Amino acid sequence: MKEDVVISVRNLVKKFGNFTAVDNLDFEVYKGEIFGFLGANGAGKTTAIRILSGLSLPTSGDAIVSGFSAKNQPEKIKQVIGYMCQRFSLYEDLTVRENITLYGGIYKMSRKLIKERTSELLVRLNFEMYADTLISSLPLGLKQKLAFSVAVLHDPGIVFLDEPTGGVDPVTRRQFWEMIYETSSRGITVFVTTHYMDEAEYCDRISIMNEGRIVALDTPSELRKKYDASSVEEVFVKIARPDGRIHTA
Amino acid sequence: MTATSNRGCREKQYSDRNAMLKAIESSGITKTFGNNKVLNDISFSVNEAEIFGFIGPDGAGKTTLFRIITTLLLPDEGKITIFGTDSLKGFRELRRKIGYMPGRFSLYQDLTVEENLNFYATVFGTTISENYDLISDIYSHIEPFRKRLAGQLSGGMKQKLALSCALIHKPGLLVLDEPTTGVDAVSRSEFWDMLKNLRKHNITILVSTPYMDEAMRCDRIALIQNGSLLSVDSPQKIKEGFGKRLYRIMAPDKYRLLISLRKCESVATAFPFGDSVHITFRDDEYDKSLLNHLRSEGIENIAIEETAAGIEDRFLELMETKAGNATE
Numbered sequence: 004m005k006e007d008v009v010i011s012v013r014n015l016v017k018k019f020g021n022f023t024a025v026d027n028l029d030f031e032v033y034k035g036e037i038f039g040f041l042g043a044n045g046a047g048k049t050t051a052i053r054i055l056s057g058l059s060l061p062t063s064g065d066a067i068v069s070g071f072s073a074k075n076q077p078e079k080i081k082q083v084i085g086y087m088c089q090r091f092s093l094y095e096d097l098t099v100r101e102n103i104t105l106y107g108g109i110y111k112m113s114r115k116l117i118k119e120r121t122s123e124l125l126v127r128l129n130f131e132m133y134a135d136t137l138i139s140s141l142p143l144g145l146k147q148k149l150a151f152s153v154a155v156l157h158d159p160g161i162v163f164l165d166e167p168t169g170g171v172d173p174v175t176r177r178q179f180w181e182m183i184y185e186t187s188s189r190g191i192t193v194f195v196t197t198h199y200m201d202e203a204e205y206c207d208r209i210s211i212m213n214e215g216r217i218v219a220l221d222t223p224s225e226l227r228k229k230y231d232a233s234s235v236e237e238v239f240v241k242i243a244r245p246d247g248r249i250h251t252a
Numbered sequence: 007m008t009a010t011s012n013r014g015c016r017e018k019q020y021s022d023r024n025a026m027l028k029a030i031e032s033s034g035i036t037k038t039f040g041n042n043k044v045l046n047d048i049s050f051s052v053n054e055a056e057i058f059g060f061i062g063p064d065g066a067g068k069t070t071l072f073r074i075i076t077t078l079l080l081p082d083e084g085k086i087t088i089f090g091t092d093s094l095k096g097f098r099e100l101r102r103k104i105g106y107m108p109g110r111f112s113l114y115q116d117l118t119v120e121e122n123l124n125f126y127a128t129v130f131g132t133t134i135s136e137n138y139d140l141i142s143d144i145y146s147h148i149e150p151f152r153k154r155l156a157g158q159l160s161g162g163m164k165q166k167l168a169l170s171c172a173l174i175h176k177p178g179l180l181v182l183d184e185p186t187t188g189v190d191a192v193s194r195s196e197f198w199d200m201l202k203n204l205r206k207h208n209i210t211i212l213v214s215t216p217y218m219d220e221a222m223r224c225d226r227i228a229l230i231q232n233g234s235l236l237s238v239d240s241p242q243k244i245k246e247g248f249g250k251r252l253y254r255i256m257a258p259d260k261y262r263l264l265i266s267l268r269k270c271e272s273v274a275t276a277f278p279f280g281d282s283v284h285i286t287f288r289d290d291e292y293d294k295s296l297l298n299h300l301r302s303e304g305i306e307n308i309a310i311e312e313t314a315a316g317i318e319d320r321f322l323e324l325m326e327t328k329a330g331n332a333t334e
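So the sequence lines, in the order shown, correspond to chains A and B. For the first sequence, the working numbering gives the first residue as 4, with consecutive numbering after it. For the second sequence, the working numbering gives the first residue as 7, with consecutive numbering after it.
Simulated from the structure, these hints should not be mistaken for lab results. Just so we're clear, the structure is a prediction, and the values are computed from it rather than from any experiment. You may find that some hints are simply not true.
Restricting the straight-line Cα-Cα distance to at most 27 Å, the calculated cross-link-like pairs of lysine-lysine (DSS-like) are [stated by the list, open to error]:
| # | chain 1 | residue 1 | chain 2 | residue 2 |
| --- | --- | --- | --- | --- |
| 1 | A | 228 | B | 245 |
| 2 | B | 328 | A | 146 |
| 3 | B | 28 | B | 153 |
| 4 | A | 74 | A | 34 |
| 5 | A | 148 | B | 269 |
| 6 | A | 118 | A | 74 |
| 7 | A | 118 | A | 18 |
| 8 | B | 176 | B | 206 |
| 9 | B | 28 | B | 202 |
| 10 | A | 241 | B | 245 |
| 11 | B | 202 | B | 243 |
| 12 | B | 103 | B | 28 |
| 13 | B | 294 | B | 328 |
| 14 | B | 43 | A | 148 |
| 15 | B | 164 | B | 153 |
| 16 | A | 146 | B | 176 |
| 17 | A | 18 | B | 164 |
| 18 | A | 81 | A | 34 |
| 19 | B | 164 | A | 241 |
| 20 | B | 202 | A | 241 |
| 21 | A | 228 | A | 34 |
| 22 | A | 148 | B | 328 |
My request is simple: use the sequences and hints to build the entire structure.
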């Protein structure tokens, strides 16, 4: 199974003074894949993602994201990716329609296209009655769904999601994962970071990072098999030593 | 037998309901903010020295309920008794018996670790050394950093300091609002181990979390959604309450599998669960034509097996029963 590579990370290193936050990362992510990026607090996940999304430059090595170099073309990367974090994704004091228009503008979409996408999105989410409602008065579940739709409004090649379903109720959570599946079936790569291992179970492949390195990378079922575990949570804890450190398999 | 005797047998006592003193008894708690009813007729009781969990999504009312229990907020209606004392009349007395760790880190960032702990001990008229045995398990992890400012600690260390501060006056009731949110899996697991250790000091622990998988670490749990309790019982009993036979079905293309299952008339519910889809049948009977139906839709490499329901399955089921129409 040789798929198109949309993220290619080669010998990626990031140092802050004497501290190596990202230590020689080397991996690939494919088109349309749901890729889970896991690791303990302080493992270097955030630093790596900031580089992959063009917000921070590597110290050495490079990452090619949707055809652009994180080292030389970070501004280009920002235009072709989508990003959604669990909170603060939408402006609370703007309406649903205003938020969509704002993000469309940020991604340099034409007015015509924004208009088209807005009505399309409102119908698809069954959101027409909320078009002129302030975000602050929407229930959390609806906000999350809207935030995700806005993150893929400009048809990015990749969308980065940070703990996308943390704290939502089980029904909304499932509706949300269906949206993620639908997005990935359209060929958009979904890059998920999370602390919650049950969220990781939904991913096609997952990587586990520790002390700046990737110590495990495979499908959830292969990892479970390899570590003789019944869940990804167990895999995560199993490869962790009592002192909280993870050792390489 | 009283709950205070024979600490070694603590575990055994949980099952013996009649012998137990109630740490908390709540009846008919209701709270409204403007037009928004955030708590609706909340009644439950918590046994002494048990770990009692409130499991529910953001906005379910967990924090509001905890503020009422900790006497920081007044309910519109209803009554709470803590260790036999009415929370309205006896709030001064109760505050000495309650340790509260809010969801947001709220210690003094510009004081050191040790200064924070000293401050909380002094406020409650005690000293660190007096109750050191209670916190040693937790505090020993951060003691090497006692001269460091609290604002400069890592997330895991802040959590341990906050827990130490909530415990320093030896409270009978410890109330923890989402203590594990934003904490990685290894630290979360350690945190739950610490809570379990605290039981031997005869401390009743009330804890909230939006994460269903943490329910199994509690002695009893209450599922809460939109300000109402859906169910209160031991995690095992809650799981067993799932009414139908549950099957998990897998195929490489999860999204198409899900869409096809939705089209199938004999399928009552189909929800994605990690790498599989959990389904129930309308007549609660396995539909033998299902596999053929899926194959005709072009889905291959299908695996299906009966499975035991988890807390999240039961939560979904309860949400549906409660709402009739489960989607918000």
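Check your understanding: Taking 27 Å as the top limit, are the C-alpha atoms of residue 28 of chain B and residue 153 of chain B close enough?
Key -> violated (40 Å)
Practice item. Quickly compare the C-alpha distance for residue 118 of chain A and residue 18 of chain A to 27 Å and report which way the hint goes. Key: Not OK: residue 118 of chain A and residue 18 of chain A at ~44 Å, beyond 27 Å, violated.
Point to revise | Given pair status - residue 243 of chain B, residue 202 of chain B, alpha carbons within 27 Å | key: The given pair, whose Cα atoms are some 20 Å apart, holds under the 27 Å limit.
**Study point:** 27 Å Cα cutoff - pair residue 146 of chain A, residue 176 of chain B
**Key:** violated (41 Å)
Point to revise | Hinted pair residue 118 of chain A and residue 74 of chain A, Cα distance within 27 Å | key: Judged against 27 Å, a Cα distance of about 35 Å means the pair is violated.
**Study point:** Straight-line alpha-carbon gap residue 241 of chain A to residue 245 of chain B, limit 27 Å
**Key:** holds (26 Å)
Exercise for review: Would you check the hint for residue 28 of chain B and residue 202 of chain B, treating anything up to 27 Å between C-alpha atoms as holding?
Suggested key: Roughly 19 Å between the alpha carbons, so the hint for residue 28 of chain B and residue 202 of chain B holds.
Review point. Is the Cα-Cα distance between residue 328 of chain B and residue 146 of chain A 27 Å or less?
Key: Measuring from Cα to Cα gives roughly 23 Å; hence the hint holds.
**Study point:** Hint consistency between residue 202 of chain B and residue 241 of chain A [alpha-carbon to alpha-carbon, up to 27 Å]
**Key:** holds (20 Å)
Review point. Between residue 176 of chain B and residue 206 of chain B, does the CA-CA distance stay at or below 27 Å?
Key: holds (13 Å)
Check your understanding: When you check the alpha-carbon spacing of residue 228 of chain A and residue 245 of chain B, does it fall within 27 Å?
Key -> Answer holds: residue 228 of chain A to residue 245 of chain B is near 26 Å, not above 27 Å.
Check your understanding: Does the alpha-carbon distance linking residue 164 of chain B and residue 153 of chain B stay inside the 27 Å limit?
Key -> holds (14 Å)
Going down the numbered hints, you'll see the structure goes against 3, 6, 7, 13 and 16, while the others check out.
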